[in-house]
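Q: Listed below are the residues making up each chain.
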Amino acid sequence: MIESELTDEQLIERVHAGEASLYGIIMDRYAEKLIRYGRKFVADSTSIEDTVQDIFANAYCNINSFDTSRKFQSWIYRIAHNAFVNLLRQKKRAWLRVEWDTLVTLPSFDTYDEDERERKEMAKLIDAGLEGLSENYREILLLHYQHNFAYKDISEVLHIPMGTVAIRIKRAREALKKLLPQDVYEK
Amino acid sequence: MKNKFEHLKEKIIHDIESGSLSPKPRWKEIGYSVLTIVLVSAIFALTVAVFVYLFHALRAAGLSSLLGFGWRGIILFLFLVPWGLIAIDILFVMLLMRVIKRFEIGWKVPRLYLAVFFLVTAFTAGYVLDRPMNDRMEASNMYERPTPPRIGAGFTHGVIITLDEPECSLSIVDERSGDTIEVWVLQPACERLILFRVGESIIIAGEDEDGILKAYGIRHDIRPSFPKKQ
Chain W
1 MIESELTDEQ LIERVHAGEA SLYGIIMDRY AEKLIRYGRK FVADSTSIED TVQDIFANAY
61 CNINSFDTSR KFQSWIYRIA HNAFVNLLRQ KKRAWLRVEW DTLVTLPSFD TYDEDERERK
121 EMAKLIDAGL EGLSENYREI LLLHYQHNFA YKDISEVLHI PMGTVAIRIK RAREALKKLL
181 PQDVYEK
Chain S
1 MKNKFEHLKE KIIHDIESGS LSPKPRWKEI GYSVLTIVLV SAIFALTVAV FVYLFHALRA
61 AGLSSLLGFG WRGIILFLFL VPWGLIAIDI LFVMLLMRVI KRFEIGWKVP RLYLAVFFLV
121 TAFTAGYVLD RPMNDRMEAS NMYERPTPPR IGAGFTHGVI ITLDEPECSL SIVDERSGDT
181 IEVWVLQPAC ERLILFRVGE SIIIAGEDED GILKAYGIRH DIRPSFPKKQ
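Sequence order for the protein chains is W and S.
Using the UniProt record's numbering, the first residue of the first sequence is number 1, and each one after it goes up by one.
Using the UniProt record's numbering, the first residue of the second sequence is number 1, and each one after it goes up by one.
The hints are simulated quantities; they were obtained by calculation from the structure and are not laboratory data.
Remember, it's a predicted structure, so these values are computed and weren't measured experimentally.
You can take every hint at face value.
Derived DSBU-like pairs: lysine-lysine, alpha-carbon spacing no greater than 30 Å straight-line: (1) Lys108/S to Lys40/W; (2) Lys108/S to Lys152/W; (3) Lys9/S to Lys71/W; (4) Lys24/S to Lys152/W; (5) Lys108/S to Lys177/W; (6) Lys9/S to Lys40/W; (7) Lys28/S to Lys71/W; (8) Lys40/W to Lys11/S; (9) Lys40/W to Lys120/W; (10) Lys108/S to Lys71/W; (11) Lys91/W to Lys101/S; (12) Lys24/S to Lys33/W; (13) Lys71/W to Lys101/S; (14) Lys108/S to Lys170/W; (15) Lys120/W to Lys108/S; (16) Lys11/S to Lys91/W; (17) Lys71/W to Lys24/S; (18) Lys101/S to Lys152/W; (19) Lys9/S to Lys91/W; (20) Lys40/W to Lys101/S; (21) Lys33/W to Lys9/S; (22) Lys124/W to Lys33/W; (23) Lys108/S to Lys33/W; (24) Lys28/S to Lys152/W; (25) Lys11/S to Lys71/W; (26) Lys33/W to Lys101/S; (27) Lys101/S to Lys170/W; (28) Lys178/W to Lys120/W.
Pulled out of the complex, with its shape left as it was, chain W reads as follows (with noise of 0.2 Å):
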């Protein structure tokens, strides 16, 4: 099997196993993936590309941690998110935040609630948005929308309940909702 076609999973698996060279091919897919991620999470393309860098460096050095039964893409947006966070923290100066959300929720199942077009519909109004929206929205909204994560994947990406994940994107949108423009929305 050529390489490059491995999954993730089993690039690291070899990785593990000493061919430390492979480590390109996992920053060759992701390297454009977190950086737009980033810029629009954070909402500065000043200092991304570095943070993208010290994401590689950190789960390079952490690589021995990650379970392969588990999904690696969920497991570098972890990093890349604490990443981001911090940077947000450095900029903003922001106090302990205690996310209210996460001490109560209800059950929620790992699926989809709109159809595919919706979807396309939405990753396109959030760029619109975006910049209105707070911090934990606009994270959950891009993840969702943009970067195609399942609830599931969210919650491992952001440790938090899954049911936390469905009330949070309801209200991300109802949050995006408000900010856009009437027509634009039902557009």
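With chain W fixed as given, assemble chain S onto it according to the hints.
A: Same frame as chain W, now just chain S:
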């Protein structure tokens, strides 16, 4: 075709090949997880220990009897409960929640449910372990019995020296001070006076008014009596 982010990759690959970037050994990860488990266990054990002491304190001071004295007894009980100990336990549980975030259960389960689970489990463990642990320690004279609250604090212990059931009155020797106190027992607590005899040790809940204790609750004190003041 060169990836437009090739420059990011080149530095990392260079650091990997030169050895300046290398994975953390697996034993460190395992060791860190083991330490976290030990820390979680230690914090939970401390939480249970605080509850064990709390139950002992309530029993030793006879405070739990107040719950049988109607709404006034309940209010006094709530006033006299050592809330500081409960606050310490809540802080321990919050610390536990912080430490346990390293594991999946720490973030997959809503935090309030987890906190309630830990508190209820520690509370139950404290209740179950209270008597076996504390009775053994009392028998080995490892504890000093707490002094009862002063008269006027709403709650006291004493030994009956005179008893007049029809008049709803009695007098006691206060366990704390050795003084003789006149007690007038209010209804419906007065109906229970037929259960008591002179010489018995009792717990009384009531307010001191002009030197007479007006009691709304009275119960046998099942603890061994204090030595009488000479």
